[in-house]
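Enquirer: Chain by chain, the residues:
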Amino acid sequence: MEQEQIAPVIREIKEALPDVEEQKLEDELERYMKYGILPQEAKKAIIRKFGGTGPSFAPLGEKTLGELKGGEMNIDLTVRCLSSRERVQNTQNGEKTMVSGLLADRTMIRRFVSWEGQFMEKGKDYVIRGASAKTFRGEVEINLGNYSKVEDAPGDALDDLDVSSLPRFGNLQELALKDIRPGMGNIQITAKVMNLEKRSIDTERGRKEIYDGMLGDETKRVRFTSWSDLDLNIGDVVTIKGAYVKDWRGIPQINFDDRAQIQKEDELDLNVMNTPRLHAEDLVNAGATDVEVKGTIIEIREGSGLIFRCPECNRALVAGSCALHGQQEGIPDLRTKVVLDDGTGALFAILNTEITESILGKEVSECVDEFCDEEERIVKLLNDRLLGRDFVMRGNVIRDDFGPTVLPAQVQMDEDEYLEEARAMLDVMEVL
Amino acid sequence: MARMREVARRIFAVEYNRSQHEDKGLEDNAPNYIITPLGQSVNRVYFIGVMMSKTNTGTDDSPQYRVEVRDPTGTFYLYAGQYQPQALASIGKLDPPTLVGVVGKVRTFVKEDGSFYASVKPEVVFPVDIPQRDRWILSTSKFTMERLRAMKDAMEEDQPTVENLLEKGHPRRASEAAVNGVGLYGNIDLEPYKECVKDALKLVIEGGGESVGLPVIDEEEKEGEAGKGPATDDLKKMILEIISDVSGEKGALYRDIIARCEKRGVDKIQLEETIQELLDEGQIYEPTIGIIKPI
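In the order they appear, the protein sequences are chains V and Z.
Just so we're aligned, residue 49 is where the first sequence starts under the working numbering, counting upward by one.
Just so we're aligned, residue 12 is where the second sequence starts under the working numbering, counting upward by one.
These are calculated hints, taken from the structure and not from any lab test.
Because the structure is a prediction, the values reported are computed rather than measured.
Treat the hints loosely; a few may be bogus.
Stated by the list, open to error - Away from chain V, derived, C-beta distances all over 10 Å, residues of chain Z:
id, residue
1, 63
2, 153
3, 261
4, 272
5, 301
To be verified - Here are some, though not all, of the chain V residues that point toward chain Z, as calculated from beta-carbon distances under 10 Å:
id, residue
6, 215
7, 450
8, 451
Said to hold, decoys possible - Part of the chain V face toward chain Z, derived, beta carbon under 10 Å:
id, residue
9, 60
10, 279
11, 429
Glycine included, every Cβ here is placed at the ideal spot set by N, Cα and C.
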């Protein structure tokens with residue numbers, strides 16, 4: 049490689065690594081190039097190797113959270129940590145600890161991710177050096193990497209910071225109820241108050257009156273808690289700006305307090321169905337209370353049919369044994385675990401004793417008598433009656449790491465007439 | 012977080028089989044998707060059709076089945092082996108022709124030139140009745156129509172975006188599919204897909220195939236194609252040429268022959284019949300299932 053091609057690259061590396069001897073850099077570059085690595089590629093690797101942040105990463109100095117646009121590198125911040133959570137992830141290089149949470153300064157609240165596990169304690173103030181700002185899912189997020197340093201902030205740096213005066217975390221997102229997800233920080237919704245109940249709870253700061261109820265729009269109904277008296281009444285249609293979303297078994301729950309802006313929409317009447325029907329795709333990422341979903345049962349899962357439950361804890365016994373209480377004389381029960389799939393998403397569903405009895409046309413006791421040692425015959429019967437058939441299930445949909453599960457209170461086979469629909473579709477096809 | 016269960020897409024065979032792209036994902040064990048010409052990514056499918064044939068390519072003790080299932084638009088090819096015990100057991104008990112429902116995962120076979128064929132690794136196979144088939148046709152038509160409409164609008168734009176399609180009232184799933192489809196396949200002819208959806212709906216409306224639900228396309232295709240296609244002797248000659256063309260040391264893969272024939276306008280039914288005749292005449296032989304060798 050000619051000297052004139054190397055020289056500019058060395059200069060660039062030198063700029064990023066002013067403390068490293070030039071000769072050392074040249075040797076290093078040569079070593080990379082022996083392996084056929086292009087100088088520009090080697091440059092990045094060398095800068096990283098010597099702990100530099102790269103020529104474009106020249107320090108940008110002290111910034112406020114509010115002025116960040118995303119894409120800034122090597123910035124310094126003075127912030128208060130509002131929350132932080134450690135998470136261990138399995139990566140190709142073994143376990144790695146990541147920390148994420150929320151930071152605030154006088155301008156706003158933003159999320160941070162610390163990839164190298166730099167920990168910050170909730171409520172403490174810090175100076176972060178060498179952070180970067182990235183855009184993730186439309187939000188600017190603070191990233192802490194290898195070269196970021198976290199120091200305790202001087203005692204008075206954020207003395208006058210009043211977090212409760214800041215807008216909620218995140219850009220205000222206007223959403224239909226079906227699109228809200230647990231963990232969202234700053235949402236705007238327009239919905240009808242379907243019911244409302246005043247409740248007293250004990251908090252760290254004494255007794256508090258809160259308001260629980262249900263909000264509904266044309267897409268879904270979601271439970272809510274208002275932590276302040278915001279003069280809501282049943283039947284009101286309201287726009288709420290600055291609510292946040294909590295998680296209860298994977299079901300989103302809207303929360304807000306007097307920091308939210310509430311506007312009554314007297315002109316607006318929403319067509320809120322009592323039990324909305326949703327597509328599975330709308331339930332895959334957020335559970336729901338009392339909804340309908342129609343789909344085809346495409347699999348009967350293991351653990352269906354006649355099972356025996358532990359008399360102590362009600363868990364299903366495996367080979368006569370409970371995971372907690374050992375060998376037990378089990379109590380017989382019926383249940384059916386299925387996959388309900390509507391072509392937009394896959395849901396698990398657990399059909400309870402009563403529903404399973406009605407599918408079989410037999411009660412638990414009859415099944416015990418009839419199928420005592422041939423439990424697989426019950427599974428066969430369930431397969432014959434359910435597989436490939438369409439059902440409307442009504443109930444709650446919870447959600448965990450394995451995905452959403454319908455816990456139906458009612459299951460109805462879809463036996464609606466379909467010929468008219470087919471004719472109508474053919475008409476549409478003719479003009480498509 | 013565990014990987015969530017993949018949805019079973021409702022796709023007609025015509026759309027499934029014409030897929031020429033796949034997305035294997037970057038991570039280890041990432042799920043494998045095919046992208047259909049209408050842009051739908053598919054990892055799992057659910058379909059109903061007539062089990063036309065099943066061939067045990069394994070042994071009696073450890074069977075492996077090659078199964079053909081016809082829906083109103085074409086044929087799904089299923090391969091079930093020891094890793095699909097549930098499907099294997101069900102297939103063993105079923106006798107063709109019979110109407111079946113199949114839940115399965117996509118399986119792809121990539122040729123040297125990069126083109127590939129999508130078949131199905133069945134997970135669950137079960138007998139169904141005519142109303143079940145009709146309901147499947149209805150919901151599959153609905154999803155296919157959604158994609159056709161979105162594709163139509165997407166193809167009219169220079170740079171189709173999901174946002175634009177959403178604004179035109181398409182559901183998100185169809186908008187995303189259409190943008191994907193146009194990106195990978197460019198502007199395609201939607202007519203064959205439309206015709207297939209219509210045929211399928213007509214089957215529901217007019218009834219027919221009550222005993223086993225034979226696809227309507229059967230007769231229509233045979234009548235229609237007879238005039239268009241090459242005469243039988245020419246067809247034989249052409250297919251023999253194709254076979255020796257795509258033959259390797261061990262013979263020609265059946266799937267390769269199908270692909271080559273498709274390009275030259277010979278459909279699978281014509282091909283199968285001709286191959287059968289050539290086999291009967293002793294011009295070719297089948298050393299193992301799926302491989303054809305000229306004599």
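Enquirer: Could you run down the list of hints and mark each one as holding or not?
Expert: Right, here's what the structure says about each hint:
Every Cβ of chain V is farther than 10 Å from the Cβ of residue 63 of chain Z; the closest lies at roughly 19 Å, confirming the non-interface assignment. Here residue 153 of chain Z does not stay apart from chain V, with its beta-carbon only about 7 Å from theirs, under the 10 Å limit. A cut-off of 10 Å between C-beta atoms confirms that residue 261 of chain Z is not in contact with chain V; the least separation is 38 Å. Against the 10 Å criterion, residue 272 of chain Z stays outside the reach of chain V, whose nearest CB is about 29 Å from its own CB.
Chain V leaves residue 301 of chain Z outside its interface by the beta-carbon criterion, the shortest separation being 28 Å against a cut-off of 10 Å. For residue 215 of chain V, the shortest C-beta to C-beta distance to chain Z is roughly 26 Å, which exceeds 10 Å, and the interface hint is violated. A distance limit of 10 Å between C-beta atoms decides the matter here; for residue 450 of chain V the minimum to chain Z is near 5 Å, and the interface restraint holds. With 10 Å as the threshold, the beta carbon of residue 451 of chain V comes within range of chain Z, its nearest partner Cβ sitting at about 4 Å, so the hint holds.
Interface restraint check: residue 60 of chain V against chain Z, minimum CB-CB distance 30 Å, threshold 10 Å, status violated. Interface hint status for residue 279 of chain V: violated, as the beta-carbon distance to the closest one in chain Z is roughly 36 Å, over 10 Å. Taking 10 Å as the C-beta contact cut-off toward chain Z, the hint placing residue 429 of chain V at the interface is violated, the least distance being around 13 Å.
Of the numbered hints listed earlier, those contradicted by the structure are 2, 6, 9, 10 and 11.
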